[in-house]
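Using the sequences provided together with the hints, build the complete structure.
Number of protein chains: 6
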Amino acid sequence: MPVVVQNIARADPAVIEGLAAAGVATVHEAQGRKGCMASHMRPIWAGAQVAGSAITISAPPGDNWMLHVAIEQLRAGDILVLAPTSPCNNGYFGDLLATSAMARGCRGLVIEAGVRDIRDLTKMGFPVWSKAVSAQGTVKETLGDVNLPIVCAGQVVNPGDIIVADDDGVCVVARDEAATVLAAANKRLAAEEAKRARLAAGELGLDIYGMRGRLAEKGLKYV
Amino acid sequence: MPVVVQNIARADPAVIEGLAAAGVATVHEAQGRKGCMASHMRPIWAGAQVAGSAITISAPPGDNWMLHVAIEQLRAGDILVLAPTSPCNNGYFGDLLATSAMARGCRGLVIEAGVRDIRDLTKMGFPVWSKAVSAQGTVKETLGDVNLPIVCAGQVVNPGDIIVADDDGVCVVARDEAATVLAAANKRLAAEEAKRARLAAGELGLDIYGMRGRLAEKGLKYV
Amino acid sequence: MPVVVQNIARADPAVIEGLAAAGVATVHEAQGRKGCMASHMRPIWAGAQVAGSAITISAPPGDNWMLHVAIEQLRAGDILVLAPTSPCNNGYFGDLLATSAMARGCRGLVIEAGVRDIRDLTKMGFPVWSKAVSAQGTVKETLGDVNLPIVCAGQVVNPGDIIVADDDGVCVVARDEAATVLAAANKRLAAEEAKRARLAAGELGLDIYGMRGRLAEKGLKYV
Amino acid sequence: MPVVVQNIARADPAVIEGLAAAGVATVHEAQGRKGCMASHMRPIWAGAQVAGSAITISAPPGDNWMLHVAIEQLRAGDILVLAPTSPCNNGYFGDLLATSAMARGCRGLVIEAGVRDIRDLTKMGFPVWSKAVSAQGTVKETLGDVNLPIVCAGQVVNPGDIIVADDDGVCVVARDEAATVLAAANKRLAAEEAKRARLAAGELGLDIYGMRGRLAEKGLKYV
Amino acid sequence: MPVVVQNIARADPAVIEGLAAAGVATVHEAQGRKGCMASHMRPIWAGAQVAGSAITISAPPGDNWMLHVAIEQLRAGDILVLAPTSPCNNGYFGDLLATSAMARGCRGLVIEAGVRDIRDLTKMGFPVWSKAVSAQGTVKETLGDVNLPIVCAGQVVNPGDIIVADDDGVCVVARDEAATVLAAANKRLAAEEAKRARLAAGELGLDIYGMRGRLAEKGLKYV
Amino acid sequence: MPVVVQNIARADPAVIEGLAAAGVATVHEAQGRKGCMASHMRPIWAGAQVAGSAITISAPPGDNWMLHVAIEQLRAGDILVLAPTSPCNNGYFGDLLATSAMARGCRGLVIEAGVRDIRDLTKMGFPVWSKAVSAQGTVKETLGDVNLPIVCAGQVVNPGDIIVADDDGVCVVARDEAATVLAAANKRLAAEEAKRARLAAGELGLDIYGMRGRLAEKGLKYV
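Residue numbers (this note's numbering), protein chains in the order written: chain X, 6 to 228; chain F, 6 to 228; chain C, 6 to 228; chain U, 6 to 228; chain A, 6 to 228; chain V, 6 to 228.
Among the hints, erroneous ones may be present.
Since the list gives no way to pick out one identical chain from another, each pair is judged satisfied if it fits inside one copy or across any two copies.
Claimed, not checked - No more than 20 Å apart at the CA atoms, straight line, and that leaves these computed lysine to any residue pairs for SDA-like:
{"#": "1", "residue 1": "Lys192", "residue 2": "Ala202"}
{"#": "2", "residue 1": "Lys223", "residue 2": "Ala53"}
{"#": "3", "residue 1": "Lys200", "residue 2": "Val144"}
{"#": "4", "residue 1": "Lys200", "residue 2": "Met216"}
{"#": "5", "residue 1": "Lys128", "residue 2": "Glu146"}
{"#": "6", "residue 1": "Lys145", "residue 2": "Arg80"}
{"#": "7", "residue 1": "Lys200", "residue 2": "Ala189"}
{"#": "8", "residue 1": "Lys223", "residue 2": "Pro18"}
FYI, nobody ran anything at the bench for these hints, they're computed from the structure.
The structure is reproduced here in structure tokens:
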């Protein structure tokens, strides 16, 4: 029953690049406020902002065997996404796996479990978003799946979906919605630019967004 | 019933500045070991040390409308303090709201919920202490209150109370106790200076504080 | 009943230095995947990598008296390890205690509770691994024990055991196993070096470790 | 500085009885959706539904001395409410203290910490709402306060406020709002009775509350 | 964009009944160890064992409007399944909604949020599996979706999937796998019956399952 | 390296029986306030009160193989105690294993992980104290140890130590201290009996324990 799906569809690299530039918060809003993984998914170092195609991994607790299998499926621009089949903090991934993944063009790892060799990964510039940092080791005894749909930190991830990740966390964009979402994100960014200038000049959001009438209607009292 | 209190009393700016310089741990001790918010309130970037007058916000889960309302109430030197009416991690606040708040002289945000646009806020030097980092968006549908007393991370905050915040977390000082607390804090800092020199020279706290007698009395055995 | 054990055995300083250089993940694997403290033990600043002999402290919740007692027992190269007798986040330790500990050659603190004065400790270069950052103060009313065996963050720590700590967390090595563990760690590091080069060159772990046969045997299907 | 306030005002016993009968959810709604303690406050046995005047206790972590002090302040119909000064799970209260409290007419205990002797308390019919069950013992070394305002599980409790507690948790009603809240609660109960009959007969809330128009206006699509 | 899908496919009632009889643990194993919701989903009263077709609800934090909408979509034998769009403990559901749902043949509620009126729901025999018990009220301001796929407590739930729930928690069975899973579950139950008798007679699992050889091979030593 | 220790020493059955009768809170106090497992260890059904000799199990996350091995080591009056090598909620144990364990005279299970088949275990009267209830299944691939010392829920458990468990949780008594602890527990129970009567008659703890002087000395003010 355990399966590795080898040839998955990926989104247009230019779209992926655009989503990376827009960042998590903008992309999340642009696609109708969906796709954010749970807030316990934190970067191991600050400042990374990436997007890539998801190679999905379902792995048993405390067993990192399928990471080795998944790395063979990586193409340049991909991001590994691992969800354990039950909650687990073990350190599934460290500097050797990162070396291997980087050699194949991998842009990062999203893992709802633990990661280790933090100092090395930071030096290598390999970004990871994880639920925990832990040196606790794993075994290689039980199979899982590569490139089947998974649920990671509360979000469905299909293989080939676009993962956008930065200091705000991780957001998933469905592959077939990527271009539309990018367009909406760019529109949003442009609109924000104008607003930012007005806000910086001291104008109030209450006025820019015309909120005063509706606040009064709802019954807000100033005393 | 939702209310915005417009003119709140604030403490003497010189006192507020003094409390900022003393920092959270010293202020907390100086006022009799009270006022510390829960330890899940963490800074989004390291190194900020501020104090300011609290503009308090009570907001529904997942609704950041009242932040827009509160920003109008800001005066230079204020700090926004938001408590949701039930536990929530959503990202209520990002770079646009920060731009607006900074334009009005706001010194920071304390929020028992989520915040986003971490990278921008860090670049802008706008400090935030929050329970979570999350890009999950909010709506603007339900009213709350501005400048009523709230409970934030286990502490009562009255509008105009002094918020002291640094890498150790957040401490609240009642407005009418601020001057007394500052005096006690400064006394404490002076006393610590002398002790620090003796400790650095290798003298033991057991001797400096004269603890040996009481330890023996309580029954401590050396073997 | 409360006791301070004064003369504890320590491991060979050269072995301790070797373990520090190997780091937490390698040491943990080298001793058969044991000894890792729970992943909630996090460094207050990034980049420290130390090892030292454990001075163990059992302290009541909210009472840091025994830290003063323990500091007298420190010798150069030691690490303080404190476990509260019930879960507690209070800030047991700050810059004054750190000044005193450093004056006696202490290399760091491991505490399953809170710590404060983060900014000062960072400037001083004193490393701490803790469960929380909190300015909440403590009292000095109730005795505990120094240099009896404790359980800290899920691991037994005997006085004189070697504590290895870095950005991945904290690992405990039994004193009488230290030399053996170091030998195994060094062997492991050497082996990893060769593998790292091959992985960096694009070779797959599946091939280097000869995993393909066993994966097929277990029933992994490629589709 | 530690203080025991001896003579506190209490609400009208008939009002308190009415609030007990209304229960937590109704009272919470009737007072404008406020006053609910955090949902980690759970009853140790199911089925109790009580209301009483709060005797408030602020106690250090792991120290139950002030419970003995507070019991002297109890009058028939009171409820003990304890908040530790920092998070703590120790078992502050057991069957002996319950025996003493019951002898003085106490109706229950609300404690944001631990409780023990669960089986005995259940047999005695003494209700407790707590954050934890734990046999971990406490000391009697450090003072706290009785009958000063506290924050317990996210809510301000003033001495003499009315505590309403049942299987849904705990709600606080300000003493001077008690009569008004009771009136609103009773009105609400009456209104619910009529709705319950219509809903039981199969009528839809969508129709009873006239929601269809507003749902359509907001843009809800049926497909 | 918010949508209500009105006519969803449901599984064969006889299959659903069979899955209810098999229970969560057996069904989970029978379908290849998948489908279990996170262990924080707990029943509000012990002893219920049900299965039904999922009516799925995606709702904003603190807003229960879509529950009213979903109830209209219920048919006899259905189970309501609600996931908030961000973590929330509010009490979305109480006795009035339960009255309405029961009037339409609803078999229970699965909600990764809070529920209230526990005592009434228990008396009514309406089973709920939830993340929290909380009286904290909700508003009716923001739309969500009914009968779109959701992620609830770590599992994807499609409308019409079969929800199996008992004291062990909640398991999801894909609608088109339901018959196959039931067959496997029944086979498993039959096999367990025989084993149970042998185990009760004192025979060891080591012998019944023939584990001794493989244990020795893996290197287990008896000393 | 994985090991099963076959012949462990056990305490006197009469002493074990006495400790069961005394219960967790009394035993914990009688041995100097130590030995309590963390408060997340909860009984799956209320009312059990047992003591027995520990058969200890160290098992990998998500792998219950060693439970089968451990059951062979059980003698009448033993209690199984399992700690996973990293945090795990999987359901390691259910009704078949319970049937087998009961057939060998096992008195219960203490497991810092998950358990399933709650309803069956309750009917069988087999008591379990666990960290979670979960139907999530396990594999049988990786070895662990039986009857080596473990750390379970914060406490060291040596094989043959006495486990005392009731509705308050779980306490560990070292085998060679068992008789002394029982004597102290019985003395404590006798002393409590007298105090209970006085407290029930309305006498205050303040007077019975003579606390008034020390409270005044410490500075408690009555206002």
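Status of the hints after comparison with the structure:
In this assembly of identical chains, the alpha carbons of Lys192 and Ala202 lie at most 20 Å apart only when taken from the same copy (16 Å versus 45 Å across copies). For the homomeric pair Lys223 and Ala53, neither the shortest alpha-carbon distance inside one copy (42 Å) nor that between copies (38 Å) is at most 20 Å. Proximity of Lys200 to Val144 under the C-alpha cut-off of 20 Å is restricted to the inter-copy arrangement: shortest distance 18 Å between copies versus 53 Å within a copy. Only within a single protomer do Lys200 and Met216 lie at most 20 Å apart by alpha-carbon distance; the minimum there is 15 Å, versus 36 Å between protomers.
For the homomeric pair Lys128 and Glu146, neither the shortest alpha-carbon distance inside one copy (31 Å) nor that between copies (36 Å) is at most 20 Å. For the identical chains of this complex, Lys145 and Arg80 are neighbours neither inside a copy (24 Å) nor across copies (34 Å), given an alpha-carbon limit of 20 Å. In the homo-oligomer, the alpha carbons of Lys200 and Ala189 lie at most 20 Å apart inside one protomer (17 Å), although the nearest pairing across protomers, at 45 Å, exceeds that limit. Proximity of Lys223 and Pro18 under a CA criterion of 20 Å is satisfied in neither setting, with 46 Å inside one chain copy and 36 Å between copies.
The earlier numbered hints that this structure contradicts are 2, 5, 6, 8.
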